[in-house]
Amino acid sequence: MSRSALLLAFSAGAVVLGTLALESSSRVQAQASPLLASRPDRRPARPWKNESWLNADKPLTLEGLEGKVVLLNFWVFTCYNCTNTVPSLVDFDRKYRDKGLTLIGIHTPEFPPYAGEHDKGNVAQKLKQYHIEYPNAQDNDSKTWKLYGIRFWPSFVLIDKKGVIRYEGVGEFHLNDRNYKLWDGRIKELLAE
Amino acid sequence: MSRIGVTAWVAATVVFAGSCATPPKPAGVLRLQTTLVGPNTRLTLLAAAGVKVNARLKPALELSDGRVLRFDSPRLTPDSAYFAESPSALAPGRHTQVHGTLRASVCDEGAAVCRTVVLGL
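So the sequence lines, in the order shown, correspond to chains A and B.
Each residue of the first sequence is one higher than the last, beginning at 322 in our numbering.
Each residue of the second sequence is one higher than the last, beginning at -18 in our numbering.
Honestly, the hints are just simulated from the structure, not real lab data.
Note that the structure is predicted; figures quoted are calculated from it, not measured.
One thing to keep in mind: the hints can contain errors.
Cross-link-like lysine-lysine pairs, in silico, DSSO-like; alpha carbons within 27 angstroms at most [claimed, not checked]: (1) A:Lys370 to A:Lys482; (2) A:Lys370 to A:Lys447; (3) A:Lys370 to A:Lys464; (4) A:Lys509 to A:Lys483; (5) B:Lys33 to A:Lys467; (6) A:Lys447 to B:Lys33.
Given these sequences and hints, build the entire structure.
Right under this line is the structure:
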């Protein structure tokens, strides 16, 4: 068998195996170690239009945040990986808010309303419990989730001062661990521009 | 009828095995086991090896008649984040087949992200 034929056969096999591994999930497929994912191609962030906000006097808009570095955190309070990451995000907010970082939680429920994730009071209680002072948008219709093509809880999108997406990634991290330092470095890099 | 165990492997679309003798289909992330208990049916959600079921968001079976059954178990992991024992739900009536939508939030061992599995039964 020629080399190209072997390559073709291997590729076809990989596709079949990959297909078998897929689940009938409406939302996500977890991949191992996607923490470091980032897109080399820069693209403009898309304006979100969430109307229900917590920790904000009025809805925050992408346009209104021009000149700020923005870190979007897609999360939901029922996600253990998400809440485990909150201390790091609270730390980023405290360290960098005055230096030009706007951290925004995009609270996107996993289940239908019967699970309680859509309830603003429940979200408010969790913000208090986890000492979250940065703005949070309720994304109960998942529109912002879909707008950004998010597939995992938790996910992160880091936007520069010009409104361009510079880094994306997913996954839990903890204060001062490797991935905390990675995101910390990314934030500092964009703040310095 | 005494207790009858029926195992259904949940894969891409469904679903239900007729008897214990039916060889399991290639493992999906979850499988649903039904056991007739008196006038009711116990539904037990079994996760594949290496998969944890989120206990903070109890799995749900949305029945075709609009009712929602939530799966639960008193045994959780020490951090209370995941089920340490397969969660179950009691469905009224005796069923050998269930119809509806099963939702579960699952995490892979060691993975730093979770995902939602939604299956039509």
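Practice task
Just pull the numbers of the violated hints for me, sorted ascending.
Solution key: No numbers; nothing is violated.
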